[in-house]
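For this one, chain A is given, so just place chain B on it according to the hints.
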Amino acid sequence: MKKVLAGILGAAVIALPSFAVNKENVGCGLGYMLFKDAPDSTLFEILAVTTNGTFGNQTFGITTGTLECKQPEKVVKNDRLFKFVTENMDQLAADIASGNGEALDTVAELMNIPVDKRDAFYRKLQANFDKIYSSETVQSADVIDRIVEIAQEV
Amino acid sequence: MKSLKRYKKSLKAGFFACLLFIHNALSYDLETLSHNPKWLKLLHFKNGKSEIDDPKFFLSKEGKTNPYKELVATIQAFLESKERGDNHPICKFPARFQFLDSLLKLKSKLSFFPECKELNKFLREINPQKISIIFSDYYINSPASMYGHTFLRIDPPFKSPLLGYAVNYAANADAKEGLMYYIKGLTGGYKGFYSIFPYYKKIFEYANLESRNLWEYSLNLKPEEVRFITLHIWEIKDHYSYYYFFDKNCSYQILYLIDIVHPEYNLTEHFNLWTIPVDTIRVLKEKGLIINLHFRPSATTLISEFIKGNPDINKNDISMAQKIARFEINIKNFLKEKSISTVKKAKILELSKNLFLYFSIKEKLPQKVYKKRLLKLLSARSKIPVKIPIKVKKPYPPEYGHKPAKISFEAGSENGKKFISTTVRTAYHQLEDRDTGFLKGSEIMFPAMTLKNFPDRNKTVIDNITFIKIISISPRNIIFKPTSWLVNFSYQRDWINKQKKPFINFETGFGLGYESHFLYYIGISSGAQINLYNSKNSRLISGIKFISIYSGRKIKHIFSIYPGLLFYTNNITKSVKFNYKSSFFISQNTSVTASLNYVILGGRNFYQFAFSTNRFF
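Residue numbers (this note's numbering), protein chains in the order written: chain A, 7 to 160; chain B, 8 to 624.
The shape of chain A in the complex, shown without the other chains (with noise of 0.2 Å):
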C-alpha cells in the first residue's frame, strides 16, 4: 500500500534525510556518484527524488572538484582527462575490467592513443586491473599514473 501511495503521490513525498558532514573524502575516490553529495553511506534518497531534475540550487556544475584531490604525476596538465576520470572512477573500473566500454574509450581518447592500438591498450589494462585499482581508498590520480604507465608500454 504503500508503495502504491508513493506512486500517487510521487515520490516526492518522502521526506529528504539530512546529511552529517563526513570527514572521509569521496570526492576524488571510488563511489563518486553515489557517495559524493551523502558521504555518510546512506546514499541515495537525495538523488531518488530528482524527478526530471526538479532539485537543486546549484545550477552550474562545470568547475567541480578536482581541485581537492592529489594531483597526477605523470601526466602533463590534462584536466579534462583528470577530472573524468575523477567522477567515473566506479564506470572506468568497471569497463577495464571487461576489457571495453564508453568510459574507457573516453579515456583512450583523452589520451590520444591511436585507435589501432587501443585493443592491446585495453587488453594490457584489464590484465592491470588489481594494479591500476589497487584497493577501496585509491585516488583518481593514482589511476591516472598508472594507466599512463601502461599506455607507454602499448
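These are computed hints drawn from the structure, not numbers from a lab. Errors might be hidden in some of the hints.
To be verified - Under the rule of at most 27 Å between Cα atoms (straight-line distance), these lysine-lysine pairs were calculated in the DSS-like manner: (1) B:Lys375 - A:Lys137; (2) B:Lys89 - B:Lys76; (3) B:Lys339 - A:Lys76; (4) B:Lys394 - A:Lys130; (5) B:Lys379 - A:Lys137; (6) A:Lys130 - B:Lys398; (7) A:Lys137 - B:Lys89; (8) B:Lys343 - A:Lys137; (9) B:Lys339 - A:Lys137.
Chain B in isolation, oriented as in the chain A frame:
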C-alpha cells in the same frame, strides 16, 4: 551590479538625449530592429511580453514588455559601461552583443573591449561544436516525470558523448513540501532555471538511478549556431522564470535555445496550453532539425537486453550471476570451476557486474561494503580476458507513438438503450492504444471526458470525467520484482439497481505483473463510490482484479475480470465485472475499438457494448 543600476539611472535621466545620440551614431532604425525575430527570441518574447520573470535579465525597467526600450538600454550599456572585466554588460550578455554587433558594428564604437575572464573560461571548457536534444523516457512512478523529459547536450570536439554538457531547465523546487509541491508546480509557484552539468552525471541520474532509457537526437546546427546558443545559456543561466508544469516546463524552455538560432521556425509558438516533451521532438523532426538518433539503454534495459542477446545464458546461469552479485557464493571458487567454459564465465561475470551496479543502488549498499565488493567482483572479471560486447536492440523511438490527445466517437447499447457518445482525452496513453513508443502495460489519463446521448429518449448525460487514471503493469521476472499498481479518480455513471447513476469514484489497487505471450496482472483493488444524489447509494468496493493483454503491431486485446463485494450502509452484495476490448490500429494515429462490459450485480445482469473510431492528435 552597481554599474547596472547607475546605467538604469542615467538612462532615465537622459533617455531622449541618449536615444538621439544612439540613433545618430548607429544610423540604424532601432525601432525596426527591436521587432527583429532574433532579438525578440533572445528576450524570450511571446504574446507581448518576455517569459523571463527575473527583473535582472532586463537592462531597461520596462524591458519585460518593451523590446525597443530594452534594445536602446542594451546598446547604451554596451557602449558606455566603464567596467573592465566580468561585470561589463558585454560579458554578461554575450549573445545579445554578438547579435547586435553583427548588425550595428558596435565593436568599432567601443573605446575598449572588456576582458570576460569567466565567460572565456566557460567557453574553453564547453568548447561547443555540436548539439543534441535528449529525451528521457517515461517514469511512471513520479507524476512529474510520467510524460518524459527533454534536455540539450552540447558537445566539445570529441567523439565520446560522455564529454558533452547537459543543459537542463528545471524548477528550483523542494519536493519535501508534499502536496504543495504539486500545487506550486502547476501554478507557477517555483522559479525555473537553466542548469548545465557534465552529461555523465545526467546519465547516472536518469539511466542508473531512475532506470530510464535516453534517446539522443543530434541536431542539424552549425558550430557557430551551437556557440551562439552557448553564449545565450551564459546570459540566461542566473535568471529565473516561473515554472508551470503543463506549459512553461522543461521541454518548452529548451525550445527557446533553438529558437534563437532559427527564429523563423518559431518552435515555442507551437506550444500554448501544454507542452508534452515528445511533441517537441516531433516538431524538431518536422523542421528537419534532427539528423541522427542514438539509443542509450537504462541500467535495467541493459540487463534485459544482455540476457536476450545471449541465449546460451540459461536460468541457472542467471541465478548464478545473481548469487555472485550478492556475494552469496565465493567468486574465487567460481573462477576455478572447470565445468563452465571460459566464455560463459565471462558472460556470467559480465551479468553479475551489471546486476551488482543495479542492486547497489536499489538496495542502498553502505559505502564500505559497496567499494569492497565492487573491487572484488571487477577483479574477478578482469581475470578472464574475453570481451562480451552488449548488443542492444533499439525499441521504437517515442516519436513513433501515437499523439497524446485522443477523440473517440462511439455507438452502442447500454442494456438495450441505444447510445452515441464522444470522448475527449487530452493525454496520454491507454491500455487499448498501441504500445509503440510507450511503456508497455501503462495507462495515463489526465484528464478525459465522455458525453453520451440516447437518441430514443432525447437525453444527453456526462458519462465520465476522469480526473486522473494511472495503471502501471510492470512484469516480474527472474531478476526484477516490481510492484504493479493502479489508481483512478473520476466522476462516473455506474450500475446500481436497474440503471446507471452518477458517482464520484476513487479506486486504488496493487498487485503483480507477469509476461509470456500475454501481459498479465493480478491484484487487490479497493475503492469508494459516492453517489451524488442519494447517500444511501454510496458504497465501498473491494475485490480481486485480473487483467490480461495481448499486444501486437496491428491489434490489441484486453480482458479483465473483477469479482468483489459492495458494501452499502446497511447491506453487502456481490458483484462481478467483465470487460473486453479489442483495438485495431489503422495507422499511427487512427484506430477502431470494440468493447463489451458485462456486470453481475446483486443477482442482476447488465451489459454495454460499443464500437468506436479513435483519432489521436
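Here's how the hints hold up against the structure:
1. B:Lys375 - A:Lys137: Within the cut-off at roughly 20 Å; holds.
2. B:Lys89 - B:Lys76: 21 Å, holds
3. B:Lys339 - A:Lys76: Answer violated: Lys339 of chain B to Lys76 of chain A is near 33 Å, above 27 Å.
4. B:Lys394 - A:Lys130: 13 Å, holds
5. B:Lys379 - A:Lys137: 15 Å, holds
6. A:Lys130 - B:Lys398: 24 Å, holds
7. A:Lys137 - B:Lys89: With Cα atoms ~57 Å apart, Lys137 of chain A and Lys89 of chain B exceed 27 Å; violated.
8. B:Lys343 - A:Lys137: It holds: about 21 Å lies between the C-alpha atoms, which stays within 27 Å.
9. B:Lys339 - A:Lys137: This hinted pair holds, its Cα atoms lying about 18 Å apart.
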